[in-house]
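Trainee: For reference, the chains in residue letters:
There are 4 protein chains.
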Amino acid sequence: MTGTIFERTLASADVESAFAEAQVIVAMLAFEAALADAEADEALIPRQAAAAIVAACNGAPFDVEWIVGEARRAGALAIPLVQQLRDRVAAGAPEAAAFVHRGSTSQDVIDTAMVLVTREALGLIAADLDRLVDALAALARRHLETPMLGRTLMQSAEVVSFGHEVVGWLAPVVRCRERLRTAGEAALQLQLGGAVGTLAALGDKGPAIARRVGERLGLAVPAGAWHTQRDAWVTLGCSVAVLCGALGKIGRDLALLAQGEVGEVFEARQAGRGTSSAMPHKRNPVAAMVAIAAATRAPHLAATLLAAMPQAHQRGLGDWQAELAVWPSLFMSAHGAVRALADACAAGLDVDAARMRANVDAHLRAIGGSAAAGDVDAAARRAGAAARAQLDALEPLTRKPTP
Amino acid sequence: MTGTIFERTLASADVESAFAEAQVIVAMLAFEAALADAEADEALIPRQAAAAIVAACNGAPFDVEWIVGEARRAGALAIPLVQQLRDRVAAGAPEAAAFVHRGSTSQDVIDTAMVLVTREALGLIAADLDRLVDALAALARRHLETPMLGRTLMQSAEVVSFGHEVVGWLAPVVRCRERLRTAGEAALQLQLGGAVGTLAALGDKGPAIARRVGERLGLAVPAGAWHTQRDAWVTLGCSVAVLCGALGKIGRDLALLAQGEVGEVFEARQAGRGTSSAMPHKRNPVAAMVAIAAATRAPHLAATLLAAMPQAHQRGLGDWQAELAVWPSLFMSAHGAVRALADACAAGLDVDAARMRANVDAHLRAIGGSAAAGDVDAAARRAGAAARAQLDALEPLTRKPTP
Amino acid sequence: MTGTIFERTLASADVESAFAEAQVIVAMLAFEAALADAEADEALIPRQAAAAIVAACNGAPFDVEWIVGEARRAGALAIPLVQQLRDRVAAGAPEAAAFVHRGSTSQDVIDTAMVLVTREALGLIAADLDRLVDALAALARRHLETPMLGRTLMQSAEVVSFGHEVVGWLAPVVRCRERLRTAGEAALQLQLGGAVGTLAALGDKGPAIARRVGERLGLAVPAGAWHTQRDAWVTLGCSVAVLCGALGKIGRDLALLAQGEVGEVFEARQAGRGTSSAMPHKRNPVAAMVAIAAATRAPHLAATLLAAMPQAHQRGLGDWQAELAVWPSLFMSAHGAVRALADACAAGLDVDAARMRANVDAHLRAIGGSAAAGDVDAAARRAGAAARAQLDALEPLTRKPTP
Amino acid sequence: MTGTIFERTLASADVESAFAEAQVIVAMLAFEAALADAEADEALIPRQAAAAIVAACNGAPFDVEWIVGEARRAGALAIPLVQQLRDRVAAGAPEAAAFVHRGSTSQDVIDTAMVLVTREALGLIAADLDRLVDALAALARRHLETPMLGRTLMQSAEVVSFGHEVVGWLAPVVRCRERLRTAGEAALQLQLGGAVGTLAALGDKGPAIARRVGERLGLAVPAGAWHTQRDAWVTLGCSVAVLCGALGKIGRDLALLAQGEVGEVFEARQAGRGTSSAMPHKRNPVAAMVAIAAATRAPHLAATLLAAMPQAHQRGLGDWQAELAVWPSLFMSAHGAVRALADACAAGLDVDAARMRANVDAHLRAIGGSAAAGDVDAAARRAGAAARAQLDALEPLTRKPTP
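Chains as they are written, first to last, in the numbering used here: chain A, 30 to 432; chain B, 30 to 432; chain C, 30 to 432; chain D, 30 to 432.
Keep in mind the hints are simulated off the structure, nothing from the lab.
Each hint should be verified, as a subset may be incorrect.
Copies of the same chain are indistinguishable here, so a pair counts whether it falls within one copy or spans any two.
[Stated by the list, open to error] Straight line, CA to CA, 20 Å or less: simulated EDC-like cross-link-like pairs of lysine to aspartate or glutamate:
1) Lys234 to Asp404
2) Lys234 to Asp406
3) Lys311 to Asp381
Bear in mind that the values here come from a model prediction, so they are computed numbers and not experimental data.
Working from the sequences, and respecting the hints, build out all of it.
Mentor: As structure tokens, then:
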């Protein structure tokens, strides 16, 4: 569907659909239709022309491969798309063709389309974050005082509880979910500025038309075009990258806990999951793998977005295009990870509390410490109390809104 | 002071001071002093011991070079620092030495110290952002309707106004300032968790002691240690990186406008500024240079922070340390850029409105368009109106708080 | 075909084909076929079984979407591929199914497949690099003494020649071509190690089988598996990234020279090329755009490869997979840029020598310098001599091999 | 000395010295002295003037803080340095002052100085790489057939030998050493181009003077200035980053092996090494930590170098400066890691072969496999043979040159 083959295996089918080529084209056409309608509402173009444009936008699927091929020469996907739209409109309503894309520019349709498909992707991420948060919160509460060996600098340290460890996974995810919400609200806005961002070709009707297009697409309308003001957009990207880092931490801990010699937590055994082409006994931690892969890629995807920010004057050359090229990969990678961890945690992690205890005892013996059971339990209880305090503090962010 | 030599020339002396080695050591000692005091308040350690510790923390400067040298072997700056502190305390009050650093861990003192020096750096950035915002807002208002050629994809496009261009610089900076404030509030918090983040060694008094330490240092106290919960901290780093991107856009535009063949805007001529070792006529755009350099470095510094997020279990090995190593560079780079642009804009950019107009006219002639003066002015007025709408929308974020 | 939609418009159709999903699957099957054949040659598996396996590999196309879908759960593309292959073999020759993939592991087939498709991509890059080198060398020689204004720190400086500028583009590209050749030779090698890199399941025949597989696939055979020895592979990736940087420099200079106010060099006007959806007069520098986009993305793609190097023990979890996910993007991006610049330069750049001279004269007037024509020509001749010295030094690298 | 405080603890004192501010200034003065001498040799400037310049360059240390401070305004370190040099020369030989820096430019002195200090750093890295290679080779040979559990995707897999694991560390390091040598030879060259890279101000004597300066400084002389041809330089940087990745893999494996539950390999216990401020029993793997930190930072440092490559025309604005700012951090980070691992391996890693065997047996029991001792030994022998083949193949790269 979209993305390179190995990238795809790390993403979900759903998020791939969100960024699929056909979907991006549909989103671009949704913009063109909304623009035509709004311009008719404001009497900038004839109502009949708008109707013809809207009909063409909603008609037979466009020729994606031709558009991509032409875009290579034209330098922007919008050029051949608008041309194809204009041709289709002209076929049925020759006089309407001139009103296609009126007063707009390539970046308007492309950025707005990216906003629309990104909204879908954020919705997918949010839904799976909810699942992940619920599963981790339940897991934490279940093991609030289950003794477990804490590890610092990759060395055995002192006793914590498994619930305390899980709260350390949960709390960042809860906060990331909140940040994504805020950053999404700020970034998911209409792009409409015309050739140089002033909406000059729409005369006095620019702001009114923008408002109407925003309403139709369900998007906030900013005070001005953000053609080369990428801060809100890139902040959203960074929020996704921070989420990937938080998920990567879960993945890394899961992988460490699932090592043969540690053996404390495993992803649930499922048919076809985590098998090996060479070793039948293997039960590879696939969700951890996907999360670590996302955390390995996200920093660099975010860095590209940041590096592409200094876009010259009214529209960037090369940097804006680089941003567009990597944007979907960041979200695909993130959703793949959220989905994988949510699935693994919702299916129930196999937690071996006895092994946790045995590892604690072995460590205490190794350092010649007292392995008094009471001390271990007391330490776990204290860790549980510390974990509970964090859970309570997260409460305002995790409470379900009353419907 | 701190940083490599070329890095230093791109930073300000002030921000260098904030992260100077001696300053980091002072901040670490401030933590140890506050901890001792708080523990005495809670009767965990004797009052006299606390007094001796506080006195040692506030006494003669510590031996930075020895500490750095030992830290190479120990693996953490806190080990030799605590040892030196303990030795000094022991010299005057042998019985107090055992109470140094009680119940804490290396990461507590190091992370909290980084929070303290980062607070200083953020203060510097905020102050210069205020100057930059004021200067840009004044510049935008002054040239709201000054005709200027808009440029898209590095090509001459249609008429905008210089005020419109400047609003495109200002608006992201204003929003970045707001984001920095929010991200700073969330991230500038006490780190105190003890060996494995449970404050186990402080018994029941952990939370109370944390509260007292936070009060003394003027830091918020989180619901739990954030040893390996780096999301709020890295989000702050990303906010700084987004700011650098926004500043880099200003730098790039300034550099483009100052080209000999364009000649529309220059940094003010000042003695010793932007000179050349080979060409006396040169007037290099130094503020633009510093901003572009910051925007070139920041994505990768932020990427390091993101890449270091998946820290194992209760304390990371190598990743946390990598984060610490690059953190100051990000802030030094950012403040260097804010300061340089604030200085350049506050000193007054040389704006050549006549040249702007001449470039517009030349372009219109070149494309065989009508160079009717009225059309140009009308387009500039429209751009001015679009710019004013953005300025108005920024008002809530730029209004000075009533004292 | 492969890649996200905007990524595709920055790549060439040819390089997309090289990394297309079907092509990766074909390459994986080529490995499985060669392995079976080699194992039969060494009498490890029956000749008939090998024949059945080879026939299945060369038979009807495999079901890519099913493989990708299963790979999401299995954690590796090789698992469902091998399963599908085994099923097909079993359908015709049940007794042969057990010999599929014998002694190999997922990473063997995946890495080798990546090597095979990368070889194709490198071939495409090399061919277009040859075109670019030839075009730039011709351009440099044509304008060896054409006076042009040198620019330093984005400011007018002293007179050079356009040929000197072009040699500054050419020389890095020539050296990059050479580095790619060397790095490719070192990296394009068979991966075959079995479960843990020791070829244990092949008994004493491991090395002989590896030699035979290598011969069949035309790949060098390393002294051992490079499952988690990624240095040669990542060095190849870095060479591609350095190439992108060199191409980005050409793109940036072209974009600067094509500015309306500078007007010295343009990409040749071609139908459908560099047009604007809003401004008919525009002639956007599309090749420069693609090159800059590649240079904006490549650093981060290379960073991902570098970040993924510390793969644990005998096979990485998450990092290897992240490497696989970004690898094609790097090569697609690079070939898109090489192709675009080669096309633009081979089509002939529009060089406006008169404008170059006029810009020199205007600058000399502006700084009150003597605009004596003789001085300008002398400076250009000197620049031409410096350029010629560089061209001569490149000779050993640019000379065509005698057939 | 140089670098931020936490960065310094991850570097060695030696490599810090190489990039220390005073050392960079000394290198810049070495260039100026060599230039003056060469120009006198070619009768471009009076012999006496050259003598005065050389004397001043070799005289009392320059005022680093003043130079850094002025460079902030001037935009380049070379401006105040040349000014200070000129003042000193003028004090004793007024007529010689005008000959300081004759025909050169800021970038000539800065780039050449960076080459000179980098040569020192590469020498340090090479020396410690030799130690590391020797120690790993000895370790591999000692444990060629010591049975050990192979681990793939962080899961127990099949039996290898510890020697096989170590060869997987060694081979990339050996190849990286070779690549560094080659890349260093290509990159460590004189920078001398004058204002715009044509050596115009040196008349016909440019090439001859360049040859003489190169001889004096022991640097290769390229066919032309590489002011904005950064490919060889950045390739060197990438080679260092690849080395860091290879070292990071060693660090990661060491950290995994030193886990309490695995307990197979430890860094040797040394006074003051790897202690904890909270837990006396700890023995943190400090060398692994430093290596992992380097591998975490290097990708982004390399990315900055790559991102800074597209430097405009004859000298970059902001990008070149960003490159200079991060360059030392990359080498400091790399040498810190090489030194730490060389020290740890030369001191002798504690290898617990019995524990390795016990872990193998436990795994075999867990999967219900036959734990027949003979099978384990046979697998280890096979792994040893595979390892020996790799060692033999490395022979040409590891053999000591006959003196």
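Trainee: Each of the hints needs a verdict: does it hold here or not?
Mentor: To see whether the hints hold, each was checked on the structure:
1. In this homomeric assembly, Lys234 and Asp404 come within 20 Å of each other (Cα to Cα) only across copies, at 18 Å, whereas the closest approach inside a single copy is 74 Å.
2. With identical chains, the CA atoms of Lys234 and Asp406 are at most 20 Å apart between copies only, with a shortest distance of 19 Å across copies and 71 Å within one.
3. Within a single copy, Lys311 and Asp381 get their C-alpha atoms as close as 18 Å, which meets the 20 Å cut-off; across copies the closest is 26 Å, which misses it.
Hint violations for this structure: none, all hints satisfied.
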